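Student: As given, the protein sequences belong to chains E and B, one line each in that order. Quick note: the first sequence uses the working numbering, first residue 5, plus one each step. Quick note: the second sequence uses the working numbering, first residue 12, plus one each step.
Since the hints were derived computationally from the structure, they do not count as laboratory data. Model, not experiment: these values are computed from the prediction. A couple of the hints might just be wrong.
Unchecked claim - Pulled a few chain E residues facing chain B out of the computed Cβ check, cut under 7 Å: (1) 12; (2) 23; (3) 28; (4) 36; (5) 42; (6) 102; (7) 106; (8) 129; (9) 238; (10) 242; (11) 249; (12) 253; (13) 259; (14) 276; (15) 279.
To be verified - Subject to a maximum C-alpha distance of 20 Å in a straight line, what follows is the list of computed SDA-like cross-link-like pairs (lysine to any residue): (16) 116(E) x 270(B); (17) 238(B) x 25(B); (18) 238(B) x 23(B); (19) 113(E) x 31(B); (20) 116(E) x 25(B); (21) 143(B) x 268(E); (22) 10(E) x 192(B); (23) 143(B) x 51(E); (24) 113(E) x 79(B).
Where a beta carbon is used, it is the ideal one built from N, C-alpha and C, also for glycine.
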Amino acid sequence: MSELVKRYGLGITTAMVLVTAFWLIVMVVLPALVMVEYSFHTNVPVTKRGGPEDYYTLDNYLSLVRGTDWSTWTFPNDFRVFLRTIWGAALVTLLSLVVCYPVAWYVAKLAKPQRAAMLLLLLVIPFWVNEILRTFAWYIILAYQGPLNAALLGIGILEKPVRWLSGSGGVLIGMVYAFLLFMMFPLINAIETLDMNQVEAAEDLGAPWWQIHRRIVIPHAKPGIAVGCIMVFVLAASSYIVPSLLGSPGTRWFTETIYVWFFEGQNWPRGSAYAFILLGLCVGFIMLMMRIFRVGLADIAK
Amino acid sequence: MTTRTSASDLILRLYLAIFFIYLLLPLAVMGIATFNTSKFPTVTPWLGTTTQWFGALMADNQMWVGLTNSVIVGIAVILISVPIGVAAAMLLDGVHRRAKSMLYAVMVSPLLTPGVIIGISTLVFWDRLGVKGGLHLSVIGQSSFIIAYVMLMVSARLQRFDRTLEEAALDLGGTHMQVFRRILFPYLKPAVFAGAVLAFFQSFENYNTTLFTRGTDVTLTVYIASKVRTGLTPAVNALALILIAITIAGAIAYEISRRQAAAEAAAAKKRAAEADTMAELKIA
Numbered sequence: 005m006s007e008l009v010k011r012y013g014l015g016i017t018t019a020m021v022l023v024t025a026f027w028l029i030v031m032v033v034l035p036a037l038v039m040v041e042y043s044f045h046t047n048v049p050v051t052k053r054g055g056p057e058d059y060y061t062l063d064n065y066l067s068l069v070r071g072t073d074w075s076t077w078t079f080p081n082d083f084r085v086f087l088r089t090i091w092g093a094a095l096v097t098l099l100s101l102v103v104c105y106p107v108a109w110y111v112a113k114l115a116k117p118q119r120a121a122m123l124l125l126l127l128v129i130p131f132w133v134n135e136i137l138r139t140f141a142w143y144i145i146l147a148y149q150g151p152l153n154a155a156l157l158g159i160g161i162l163e164k165p166v167r168w169l170s171g172s173g174g175v176l177i178g179m180v181y182a183f184l185l186f187m188m189f190p191l192i193n194a195i196e197t198l199d200m201n202q203v204e205a206a207e208d209l210g211a212p213w214w215q216i217h218r219r220i221v222i223p224h225a226k227p228g229i230a231v232g233c234i235m236v237f238v239l240a241a242s243s244y245i246v247p248s249l250l251g252s253p254g255t256r257w258f259t260e261t262i263y264v265w266f267f268e269g270q271n272w273p274r275g276s277a278y279a280f281i282l283l284g285l286c287v288g289f290i291m292l293m294m295r296i297f298r299v300g301l302a303d304i305a306k
Numbered sequence: 012m013t014t015r016t017s018a019s020d021l022i023l024r025l026y027l028a029i030f031f032i033y034l035l036l037p038l039a040v041m042g043i044a045t046f047n048t049s050k051f052p053t054v055t056p057w058l059g060t061t062t063q064w065f066g067a068l069m070a071d072n073q074m075w076v077g078l079t080n081s082v083i084v085g086i087a088v089i090l091i092s093v094p095i096g097v098a099a100a101m102l103l104d105g106v107h108r109r110a111k112s113m114l115y116a117v118m119v120s121p122l123l124t125p126g127v128i129i130g131i132s133t134l135v136f137w138d139r140l141g142v143k144g145g146l147h148l149s150v151i152g153q154s155s156f157i158i159a160y161v162m163l164m165v166s167a168r169l170q171r172f173d174r175t176l177e178e179a180a181l182d183l184g185g186t187h188m189q190v191f192r193r194i195l196f197p198y199l200k201p202a203v204f205a206g207a208v209l210a211f212f213q214s215f216e217n218y219n220t221t222l223f224t225r226g227t228d229v230t231l232t233v234y235i236a237s238k239v240r241t242g243l244t245p246a247v248n249a250l251a252l253i254l255i256a257i258t259i260a261g262a263i264a265y266e267i268s269r270r271q272a273a274a275e276a277a278a279a280k281k282r283a284a285e286a287d288t289m290a291e292l293k294i295a
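Same shape as in the complex, but just chain B:
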């Protein structure tokens, strides 16, 4: 890109700077407002520096109820979506081509369905069966699309699985259950673990589906939304700051592990390519 004129280059760079300020400054303002003594969370005017809002947050009983509920729902979602997601991925891997694309379309459809509609259909369906809204319904509603995420993650790894390993084990007299436990599952484990983490995260931050299915129960996201509308103090900022800190740590850890996995895959591919060339050379 040496032929680019420096003027257009400068404009692009300026635009990038503005873009990243736009992207990150609001989050910074939200975090900084935690330390302002002002009752309404803001940075202008700055009335004095304090950490009192963390204390106010810790003393808020509702927050603890919401947090506990969110954790319970998240764990329940993991327990439902991970086994079903693995089963669905294995099924998808095993069926024939035509059935596969059909099944795939049905399986990923919840990912393209708006969260509010998943919530509404879950609410209406279970109401007809006599089940009222509550955390249990939020678990079911959230799982219906989170399973698809787990399925996609496990599928991606399953595609690279060497099936001759399975066949060899069966030929040597292993039972199907043994083959699954000793060969397939250990191979899938990293994807299963990543799927579980993603499932919890998706559940924890879910609002749209939860809104319609929750009944009168309150999760952490519902708590935050209601606090912003009524009774907003910088205690909400304190919570936001804590959640963002955890998120950043998690995002960095996830990025690192993803890059390691990508590097491993690239190395494996390179080895395979080298082996291929060696084989070709031998044949020649």
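Just chain E, same shape as in the assembly:
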């Protein structure tokens, strides 16, 4: 502290500390704590707050899994949505990794500098386009009377048009499209730093291409893979716009369940509890990835 005062003077230091404290305490930490505290309350109208009906309970958390029968594999509605969200987000993450890896490898290492710069620009442009618009584009393409059905019918792959927007397929396609570039750039950055002499040495020693990737490129790209997976998983698990535009009632996402509890069910404590569960899921995934791939927080924030 004294060093700060010596460097910036008392006035500037005080102002600096105060506004930063305001940000971190009033805008970041307290809201999160209050949300968590609220999630343990019963749902009572404002007038009854602090009264006998307003007490601490675990009910909002337990209600997620209440009614689960593991023997027959039946789950209550909200829990089923939660499990689908985890499964869907994991699938989107894996698909993004598989789709991006060859492109990242080409852009980072195989392409000549000028071509790589050109391809990077082509990648950057859709990256800056709003998530809603990227989703909307797929809404048009996947529509019943849309160009995808028309094209597939035209070349004879389909006999009759498919309702893409009434299953999980549309949501997954839309999410991979919306979030894939959050995988691409970390991958490119990680692969770029690989020393190609290692690859050439492996080739000289007769390693086939898949061994080169398995033993050299992928281990080297680990930090990029970790960061990409974290970004895509968190974005997919907490996406609201993609499932709400490309999904149907049968493919509801956990964020939609939270929204419904807040604004249609008027049950804020339960909505808060579910939001905290979603946050726990994301934090859990981040920590898992950081452990598996041994990366730090500073690598992710880049």
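Guided by the hints, dock chain B onto chain E, whose structure is given.
Tutor: For chain B alone, kept in the frame of chain E given last:
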């Protein structure tokens, strides 16, 4: 990579072509559908070419309300997040190692928190204090993570700052305020400006945090989402096309300035390296 067999090379190239078509074609289809007379935005069937949907968009009052709100929120977010982001970066630069990593973790945590959760926690917290949802709450919710972006951008530049300049100015009798105004701030200016642009952009395109904090107010992203669900016409495509055109122009401008900055940094590094070798030669 001369030893690569041409077959695998061909497959990779084919894959790349398909990938870039997949990446860019949907946006092109969305844009082209603007000019179809069809009431539902599509390119199949093509019922006739028109520009009527731009007119329909301009005549839509709700769109103007949403746009105005988005601009107001964006400017408010700049006004909050830029000063706090600069202060936070300066603080982070000045504290000791152990406190630094701790403080850093707290500061970047909003970037890893899902936007919906930032929105919900902001809504619940301020509701307890008696503040209801609305644009003001969206500004607060968005700023809580946009500040972190500004902080990171300013921090990156601050790390390369030559602190002896500050010390020299203080030794020569400058006040702390003068040193900040005349030396540190002018040095940070490019990062501050870039941070402000990024802050506006992030705010303008935000949906998740806004969704929970907006009350009954409508921003442009909320307008687009509600239009797609109810009352979709190619007027939405016209808006998308305009926004994408602006985005592309912005992205290209940003890329150019980023590359220039990178080239400058590389040149400076090279000069420094040359100076080092010169010094070493002299010592030898």
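Student: Next, verify each hint and record whether it holds.
Tutor: Now the hints, each set against the structure:
| no. | hint | result |
| --- | --- | --- |
| 1 | 12 | 6 Å, holds |
| 2 | 23 | 5 Å, holds |
| 3 | 28 | 6 Å, holds |
| 4 | 36 | 5 Å, holds |
| 5 | 42 | 5 Å, holds |
| 6 | 102 | 11 Å, violated |
| 7 | 106 | 6 Å, holds |
| 8 | 129 | 5 Å, holds |
| 9 | 238 | 6 Å, holds |
| 10 | 242 | 3 Å, holds |
| 11 | 249 | 6 Å, holds |
| 12 | 253 | 13 Å, violated |
| 13 | 259 | 5 Å, holds |
| 14 | 276 | 6 Å, holds |
| 15 | 279 | 5 Å, holds |
| 16 | 116(E) x 270(B) | 17 Å, holds |
| 17 | 238(B) x 25(B) | 37 Å, violated |
| 18 | 238(B) x 23(B) | 40 Å, violated |
| 19 | 113(E) x 31(B) | 18 Å, holds |
| 20 | 116(E) x 25(B) | 17 Å, holds |
| 21 | 143(B) x 268(E) | 17 Å, holds |
| 22 | 10(E) x 192(B) | 17 Å, holds |
| 23 | 143(B) x 51(E) | 16 Å, holds |
| 24 | 113(E) x 79(B) | 45 Å, violated |
In this structure, the earlier hints numbered 6, 12, 17, 18 and 24 are contradicted, and the remaining ones agree with it.
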